[in-house]
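Start from the sequences, fold in the hints, and give me the full structure.
Read off the chains here:
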Amino acid sequence: MGATLGTAGVWLGLFGAVVGVATLALGLRRRDPRLLEAGRKYTWVILGGAVLAVVAMETALLSHDFSLKYVAENGSRQTPLLFTITGMWSALEGSILLWAIILAGYLAVMVHHFRKRATDPLVGWATLTVFVVAGFFFALMAGPANPFRVIHGTVPTNGPGPNPLLQNHPLVAFHPPMLYLGFVGFTIPFAFAVAALVTGRLGEGWLVETRRWTLFAWGFLTIGIILGAWWSYEVLGWGGYWAWDPVENASFIPWLTATAYLHSVMVQERRGMLRIWNLSLLLATFSLTILGTFLTRSGVLESVHSFTESPIGPWILTFFGLVVFTAVALIGWRGDRLRSPGSIDSPVSREGAFLANNLLFAAFCFVVLLGTVFPLLAEAINGDQLSVGGPYFDRMTTPIVIALLFLMAVAPVLPWRKASEEVLRKRLFWPAATATLVVVLCVATGLRGLAPLAAFWLGTFAAGSAVRQLALSARRQGWRGLVGRANGGMIVHIGVVLIAVAFAASHAYGHQREFRLSPGQSAHLSGHTVTYLGTSTVKASNKTSLRAQVRVDGGKIYAPAVQQFPFATQAIGSPSVKSGLANDVYLTLAAPPDHPGGSAVIGVIVQPLIVWLWIGGAVIAIGTALAAWPGRRRRPTAPVSAPIEVETTGAAGTQPPEPVVVPGA
Amino acid sequence: MKSRWAWLAMAAVLVVALVIGAQGRSGPMTQAERVKHIASEIRCPTCRNQSAAESDAAAAKAVRDEIQRRVQSGQSDGEIVAFMVSRYGDDILLKPQGSGVASLVWVLPVVAVVVALAGLGIAFRRWRARPGVKVSEEDRALVERELEREGV
Amino acid sequence: MSNVSDVDVAVGRSKRHTARWAAISLGVVLLLFVAVLATRKSAADKQAESPLLGKQAPTLSGTSLDGSQVSLASMHGKWVVVNFMASWCVPCRDEHPELIKFTQRHQAAGDAAVLGVIFDDTAPNVRHFFSELGGSWPVVDDPNGQTALDFGVRGPPESFLVDPNGFVIWKGIGQVNADGLDKLVAQGKARGA
Numbered sequence: 001m002g003a004t005l006g007t008a009g010v011w012l013g014l015f016g017a018v019v020g021v022a023t024l025a026l027g028l029r030r031r032d033p034r035l036l037e038a039g040r041k042y043t044w045v046i047l048g049g050a051v052l053a054v055v056a057m058e059t060a061l062l063s064h065d066f067s068l069k070y071v072a073e074n075g076s077r078q079t080p081l082l083f084t085i086t087g088m089w090s091a092l093e094g095s096i097l098l099w100a101i102i103l104a105g106y107l108a109v110m111v112h113h114f115r116k117r118a119t120d121p122l123v124g125w126a127t128l129t130v131f132v133v134a135g136f137f138f139a140l141m142a143g144p145a146n147p148f149r150v151i152h153g154t155v156p157t158n159g160p161g162p163n164p165l166l167q168n169h170p171l172v173a174f175h176p177p178m179l180y181l182g183f184v185g186f187t188i189p190f191a192f193a194v195a196a197l198v199t200g201r202l203g204e205g206w207l208v209e210t211r212r213w214t215l216f217a218w219g220f221l222t223i224g225i226i227l228g229a230w231w232s233y234e235v236l237g238w239g240g241y242w243a244w245d246p247v248e249n250a251s252f253i254p255w256l257t258a259t260a261y262l263h264s265v266m267v268q269e270r271r272g273m274l275r276i277w278n279l280s281l282l283l284a285t286f287s288l289t290i291l292g293t294f295l296t297r298s299g300v301l302e303s304v305h306s307f308t309e310s311p312i313g314p315w316i317l318t319f320f321g322l323v324v325f326t327a328v329a330l331i332g333w334r335g336d337r338l339r340s341p342g343s344i345d346s347p348v349s350r351e352g353a354f355l356a357n358n359l360l361f362a363a364f365c366f367v368v369l370l371g372t373v374f375p376l377l378a379e380a381i382n383g384d385q386l387s388v389g390g391p392y393f394d395r396m397t398t399p400i401v402i403a404l405l406f407l408m409a410v411a412p413v414l415p416w417r418k419a420s421e422e423v424l425r426k427r428l429f430w431p432a433a434t435a436t437l438v439v440v441l442c443v444a445t446g447l448r449g450l451a452p453l454a455a456f457w458l459g460t461f462a463a464g465s466a467v468r469q470l471a472l473s474a475r476r477q478g479w480r481g482l483v484g485r486a487n488g489g490m491i492v493h494i495g496v497v498l499i500a501v502a503f504a505a506s507h508a509y510g511h512q513r514e515f516r517l518s519p520g521q522s523a524h525l526s527g528h529t530v531t532y533l534g535t536s537t538v539k540a541s542n543k544t545s546l547r548a549q550v551r552v553d554g555g556k557i558y559a560p561a562v563q564q565f566p567f568a569t570q571a572i573g574s575p576s577v578k579s580g581l582a583n584d585v586y587l588t589l590a591a592p593p594d595h596p597g598g599s600a601v602i603g604v605i606v607q608p609l610i611v612w613l614w615i616g617g618a619v620i621a622i623g624t625a626l627a628a629w630p631g632r633r634r635r636p637t638a639p640v641s642a643p644i645e646v647e648t649t650g651a652a653g654t655q656p657p658e659p660v661v662v663p664g665a
Numbered sequence: 001m002k003s004r005w006a007w008l009a010m011a012a013v014l015v016v017a018l019v020i021g022a023q024g025r026s027g028p029m030t031q032a033e034r035v036k037h038i039a040s041e042i043r044c045p046t047c048r049n050q051s052a053a054e055s056d057a058a059a060a061k062a063v064r065d066e067i068q069r070r071v072q073s074g075q076s077d078g079e080i081v082a083f084m085v086s087r088y089g090d091d092i093l094l095k096p097q098g099s100g101v102a103s104l105v106w107v108l109p110v111v112a113v114v115v116a117l118a119g120l121g122i123a124f125r126r127w128r129a130r131p132g133v134k135v136s137e138e139d140r141a142l143v144e145r146e147l148e149r150e151g152v
Numbered sequence: 001m002s003n004v005s006d007v008d009v010a011v012g013r014s015k016r017h018t019a020r021w022a023a024i025s026l027g028v029v030l031l032l033f034v035a036v037l038a039t040r041k042s043a044a045d046k047q048a049e050s051p052l053l054g055k056q057a058p059t060l061s062g063t064s065l066d067g068s069q070v071s072l073a074s075m076h077g078k079w080v081v082v083n084f085m086a087s088w089c090v091p092c093r094d095e096h097p098e099l100i101k102f103t104q105r106h107q108a109a110g111d112a113a114v115l116g117v118i119f120d121d122t123a124p125n126v127r128h129f130f131s132e133l134g135g136s137w138p139v140v141d142d143p144n145g146q147t148a149l150d151f152g153v154r155g156p157p158e159s160f161l162v163d164p165n166g167f168v169i170w171k172g173i174g175q176v177n178a179d180g181l182d183k184l185v186a187q188g189k190a191r192g193a
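Protein chains in written order, with the working numbering: chain S, 1 to 665; chain G, 1 to 152; chain X, 1 to 193.
None of these hints come from the bench; they were simulated from the model. Mixed in with the good hints, there may be bad ones.
Between beta-carbon pairs, the in silico distance windows are [claimed, not checked]: (1) S:L322 - X:G174: 32 to 40 Å; (2) G:W7 - S:W416: 22 to 30 Å; (3) G:Q31 - S:L533: 30 to 38 Å; (4) S:A22 - G:D90: 47 to 55 Å; (5) X:S68 - S:G597: 31 to 39 Å; (6) G:L142 - S:R29: 27 to 35 Å.
Dumping the calculated DSSO-like pairs for lysine-lysine here, alpha-carbon to alpha-carbon at most 30 Å [to be verified]: (7) S:K69 - S:K539; (8) S:K539 - S:K556; (9) G:K36 - S:K578; (10) X:K55 - G:K61; (11) S:K418 - G:K61; (12) X:K171 - X:K55; (13) X:K101 - X:K78; (14) S:K69 - S:K41; (15) G:K61 - X:K171; (16) X:K183 - X:K171; (17) X:K171 - X:K78; (18) X:K101 - X:K171.
Just so you know, these numbers come straight off a predicted model, no measurement behind them. Yeah, the Cβ is synthetic: ideal placement off N, Cα and C, and Gly gets one too.
Okay, structure coming up:
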């Protein structure tokens, strides 16, 4: 029953997408507004199909319908309720289903939002593009990644449940959905970019309409990535949170181009420049999400995250090729129409800073992408097998991050068009002075190490500049001074600084050791005391845990454990963390006692400021929400630039310079 | 008015603090630190993407023990790394060694940035040389008409 | 939408067609990139490359499951399949009957044998494994992982074929089968070892 309903849902969605594409295509070709109106209604068919499929899958999981292959492989009667629900996205086919429902949701919101302009060809082309993407994902589910395959023969009475690592922590309920809300969200701006190029309507209207979409998608992606890091930290047992793992990189690369876009679009709004570049960034961001999906699911790269291999790889790669070809062709066809007459007067200006920002983010994106796919490229060129791991990325990205921190401090105080040294010196003095004071205090309290101290200086400098902007803005406008794009952006910068500083501190000042302790024995590390008390075995419905009781700093007892799941081949370690504002004490049960009452090996990792990574993430989320707050609305056609003096060259200076009004729509 | 002197004084204080701060990691590394340093460049053989220094896996422990034995017997970092490569192959290293195709991964980003900077430099020069936009009467009238139509 | 957008766009049409050239060159690069990605085998399938191929096998000796001392050197003169395994490893379970088949086929001639090495597991577990699934070849314990390191083993199951003179001539990642092993031995003999 579940399988039939689910398959029906998938095919319904596919049908809706295909017919929708056909209707809209016809409507656009014939310029028939009725067909355009009709075509967009297929959104609801697609949404209905997706909802039906999701309901069918969750019902099957919750009712332990093991006649479905997906449930037989990923469900279990012993798995707790939460992890049964999240089991929907614990394996490949289900993750495609999650992508499809989120895409259908976004599509419905988009179509509803633009319902009054449904007959506008721009909206028509955008809707058509999203229909095509949705069609692809439904086709995947109808074909190679079918979540509703049925078991032939005897139906098992129980299953192994999701991968043990996915049953360990509640964050599994948040990280994938947030990540997908981000990835999938970029489809909409991509669709509008395609529509703008196809229709030739390359002015700013479409950009302003989709600005908030891009911001939300970016916000969700940022939160999704940070939740992923947090989950890694709490579950994987090595005390780290970012390993430059190919799948982590795959989610990070589109984030980099999206961040670049959010900044350079301001240059387009103000000066009408960088249009081709911005369109390219949007096209690239979406393409990179598809590339990321391919790298994650095709099995070409080894990773902690690798889904089991499936024949889905070639399909996704083909789609990626199609997307990229379309994007490149569109830019090649229409791109030269976009040339704006504007120019950037001086590199030391807000525009110049945004240009530098984009250069750095582009370099960052290139480094991470190159490093991630380089093993594949090297093997293709001459058969060399090599790895590119953490040390490469750390070395190559550190200078970029340093430059970005510096830019974060300086750019908000730069005026548009041209800055004078005096203005800079005056505005940046107090942020720089505060930063210097902070470094002096750190050195005075005994902290050493050039890299972390430099990070602290740059971070405080950038935060100081952002706080200064916020203070000025709040003084001028009261609470309204904290909302709107610029102010929300400053709060986001503060969040980024918190993360950068926490990153530097935890890497530079972390200490790690293993201790063999008998019951009652204590060990000391970095000013913390851990006392091993003994072990106990706890049986839960889905696992058996061998827990070590460890008292930390004479207070609460923490329980790092080794957990055995019934169908997993190896036991997995489950760390226990005492988090504090100053530092985290991370405990693992490295080796359980050989005999009851024997000694155990307890791993202890003490790292400072880890909590500030997650706090920084929350600050970014708040800042994004504030940035999306509607400011005093500016109509797309209102002039942005004030009259400026333009000198005419050539003539011997007889004509007075004419004031020119440059419409900034 | 924050004069140059205030900035210079601040810069001086900062430089002193950083110089003091950069000390403290005194002398050559201890044996334990050397082992950790070498292990952090070797991939944990059984893990997906961790270094031998970070991982708890049995194979990683074996690698660390072997590195320790060799450090104690006086081998250099290069010799120890070469030994690991002679057993596991080139892809046991987390950083590609800089020769041949592998060096591309280090060189290409630098080349890309240089090219991009050059491109920007050319663009800036072209922008400077531009005489500025002259607006014809006809264009100006068109704009006025449109703005009126929009009700601005 | 007003016509303002089309007007100000028309002003800027470029004669240099920079966008077109950039798009074409980027298109070519991306085409090559997609071609590379399309022709990659999955990570798990990659040919087992080993720096040990063609070299003398590392020393392998230790205590076997029944307490006696065993070494690879003592098996000189035979084709030896050095098989790294663990009781918790599912493909090891799958390949075990194949290894039994292989040993039975070569029992009479005595020209080939299997030498097992425990990878990250305990002797009692492996003893239980063998009593459950059968097989009676010597299995060496490797409690410190030293042998695994010497052979560059990433994870079980991995097998090495060592010729009668002690040279490593083949490495396999993942489970093996009797026919494949037979073929390798036959090829090795034909090459004249």
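CB-CB spacing for X:G174 and S:L322 relative to the 32 to 40 Å hint: Check passed, 34 Å falls within 32 to 40 Å.
30 Å Cα cutoff - pair S:K69, S:K41: violated (34 Å)
Pair hint X:K101 and X:K171, alpha-carbon separation not exceeding 30 Å: Roughly 19 Å between the alpha carbons, so the hint for X:K101 and X:K171 holds.
Verdict for G:Q31, S:L533 (Cβ pair) under range 30 to 38 Å: holds (33 Å)
Satisfaction of hint between S:K556 and S:K539, Cα-Cα up to 30 Å: holds (22 Å)
Pair hint G:K36 and S:K578, alpha-carbon separation not exceeding 30 Å: holds (25 Å)
Satisfaction of hint between G:K61 and S:K418, Cα-Cα up to 30 Å: violated (58 Å)
Agreement of X:K55 and G:K61 with the hint, judged by alpha carbon distance not exceeding 30 Å: holds (26 Å)
Hint check for G:D90 and S:A22 - Cβ pair distance inside 47 to 55 Å: holds (52 Å)
CB-CB spacing for S:G597 and X:S68 relative to the 31 to 39 Å hint: holds (34 Å)
S:W416 and G:W7 - C-beta distance against the hinted 22 to 30 Å: Distance hint for G:W7, S:W416 holds at roughly 24 Å.
G:K61 paired with X:K171 [C-alpha distance capped at 30 Å]: The given pair, whose Cα atoms are some 23 Å apart, holds under the 30 Å limit.
Hints 11 and 14, counting from the list given before, are not met by this structure.
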